[in-house]
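Undergrad: Here is what each chain is made of, one letter per residue.
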Amino acid sequence: MPKSKKEELTDLLKELENVGDIDGAAITTRDGLLVASQLPRDVNAETFAAMSATMYGAAETAVSELRKGTVKRVISEAEDCKLVAVDAGPTAALVALVRPEANLGLVLMEIIKVANATKELMK
Amino acid sequence: MKTYATSIPRLDEFLNGGLRPYTITILWAYPGIENAPFAYQALMERLESGDTCIYINQSKMSSAVENEIEHYGWSIKPYKENEKFFFLDAYSDLINARSEERFSVKNSRDPREITRALDNVFDFTGPGHNLVIYDSLSTMIDHCGDNSIDELREWKEIFKEKNATGIFLFTEWPYDKKVLNKLRLISDAIVQLKAIEEKVILREFFIVSKVNWNGKTKKGVSVPFKIAAPGGVKVYIPKILVTGAYNSGKSSFVHSASTRAVSVDRVGTTIALDHGHVDYAGFSVDLFGTPGQERFDPILELLGGESLGVIAMVDSTNPQSLIRVKTMLEKSKSVGLPVVVAANKADFEGAMGPDEIREKMSLSAEIPIIQVTAEDLSKVREGEPAKLKEDEVHKVLDALFNKIV
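The listed protein sequences derive, respectively, from chains A and B. Start counting the first sequence at 1; every next residue gets the next number (this note's numbering). Start counting the second sequence at 1001; every next residue gets the next number (this note's numbering).
Source of the hints: derived by calculation from the structure; they are not laboratory data. Please read these numbers as outputs of a predicted model, since none were measured by experiment. One or more of the hints may lead you astray.
[Said to hold, decoys possible] Beta-carbon label-pair distances, calculated as ranges:
{"hint": "1", "chain 1": "A", "residue 1": "Glu17", "chain 2": "B", "residue 2": "Gly1073", "range": "22 to 32 Å"}
{"hint": "2", "chain 1": "B", "residue 1": "Lys1077", "chain 2": "A", "residue 2": "Pro40", "range": "24 to 34 Å"}
{"hint": "3", "chain 1": "A", "residue 1": "Glu101", "chain 2": "B", "residue 2": "Asn1096", "range": "51 to 61 Å"}
{"hint": "4", "chain 1": "A", "residue 1": "Asn44", "chain 2": "B", "residue 2": "Asn1096", "range": "41 to 51 Å"}
{"hint": "5", "chain 1": "A", "residue 1": "Thr70", "chain 2": "B", "residue 2": "Gly1336", "range": "23 to 33 Å"}
{"hint": "6", "chain 1": "A", "residue 1": "Glu101", "chain 2": "B", "residue 2": "Gly1336", "range": "46 to 56 Å"}
{"hint": "7", "chain 1": "A", "residue 1": "Glu17", "chain 2": "B", "residue 2": "Pro1319", "range": "46 to 56 Å"}
We put the beta carbon where it would ideally sit given N, CA and C, even for glycine.
This is chain A alone, in the form it adopts within the complex:
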């Protein structure tokens, strides 16, 4: 049987975990519904997706008020992790949990790669 889209997306997220310094990731629709996730067990994926979409949307709205172009990514720096949300096409966003000590340049490159693959899949 061919893989369902959801399985393909989950595979993409697993790939991301192999990069190192990434502890998990999720794909959410812009309106906050979970599409696929690969997150630590104790994380409630639905809530995480809803909140990440809100965070991304709020940033977009704030920037568009300034008329300074579009948002490329939103990075939240916390004590024990960095949260990186990037655009994954007009209907989705990709959010990754990155370790605080990570080399952000490398990690970002990989995240954007997966985000672009996600964009293709969701077309």
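The hints should help you fit chain B onto chain A, whose structure is shown.
TA: Using the frame of chain A, we list chain B on its own:
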């Protein structure tokens, strides 16, 4: 006529109380959708009600079935020990293995042999009703040929004689049309399990497409579900929007209704989103509470999409909130969705009654308006959501669930 409830939410209503004696109900799944959890849930309900159950496993090892049932949080062990549950192993023979079960089919490729073995098990079941689960008809057709389903008529005769009812699993692989038609004719009820892919989100739902007793088979009525482990089959509504004017009690509603909820708020006002998960009456629902103040309307537009229903909160003491909620419904693209109005603060002095609210909002008669009140306002700390009375919150949820499925 006796009825045998399955405890699967909504299904028993469609079946007008449950399964009927001596009948065969097919759980008719499309490829990729699991139908076994439906059977397990019905099986546990029947065992708990004192019935005996015979599980004919032809598509996997009996130990695999037992493990799966445990995965959903149930156990058949005590029933096995008390001779209330029997496996009839029709799988071991297919893979040339020795069966470890007390009852097994000698030649699983011959439907007559299955009949004989089933008859034999019935010699050991006590008086009372028996549930027979057949797992699965697809395996039988694959290994015993298209004509094997004629044997079902024989089994129905046995059911009548032994006081039994059947739930049969079936997955619709590309079979001959004649086979499918024959199955439709032979069965007494059919529950179809289907899926649609919407923007890569897979939504599964069931439809009762045939009941030959006085059940309901309203055309096009589908029930979205998901299978939780543990927990079993739940009616699943991934998104219900809770919206309304500033200070009408949206967060209070989300927190009071949910088993767990989180909010993004500052000094008591939601600025981004309340998100809550509700497990109630066999339903699994995620609530999205929007901010109320106009300056947050971009967030409202952002989060409104893809809801399956709306709870519109109004403040019964504030006529302005009635106008505002109508705008919010438009902005969140919720016009036309099933909606229930929750009239909060109904016990306050000067609160408007439901009729007045209906008139002021010019709502049509089919939109329910349900009054809600807080439990004890003196206990609510400034800036925190109030606890609304549980029975009233449930009334709102019931009304909305009834409109959605």
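Undergrad: If I claimed the Cβ atoms of A:Thr70 and B:Gly1336 lie 23 to 33 Å apart, would that claim hold in this structure?
TA: Given range 23 to 33 Å: holds, Cβ gap about 31 Å.
Undergrad: A:Glu101 and B:Asn1096, beta-carbon distance inside 51 to 61 Å?
TA: Hint holds: Cβ distance 56 Å, inside 51 to 61 Å.
Undergrad: Hint says 46 to 56 Å; check whether the CB-CB distance for A:Glu101 and B:Gly1336 agrees.
TA: For B:Gly1336 against A:Glu101, whose Cβ atoms are near 50 Å apart, the range 46 to 56 Å holds.
Undergrad: Is the hinted range of 24 to 34 Å satisfied by the C-beta distance from B:Lys1077 to A:Pro40?
TA: At roughly 33 Å between Cβ atoms, A:Pro40 and B:Lys1077 fall inside 24 to 34 Å, so the hint holds.
Undergrad: Range first: 46 to 56 Å. Now tell me if the beta carbons of A:Glu17 and B:Pro1319 are that far apart.
TA: holds (54 Å)
Undergrad: Measuring from beta carbon to beta carbon, are A:Glu17 and B:Gly1073 in 22 to 32 Å?
TA: holds (29 Å)
Undergrad: Between the beta carbons of A:Asn44 and B:Asn1096, is the distance compatible with 41 to 51 Å?
TA: holds (46 Å)
The structure agrees with every numbered hint stated previously.
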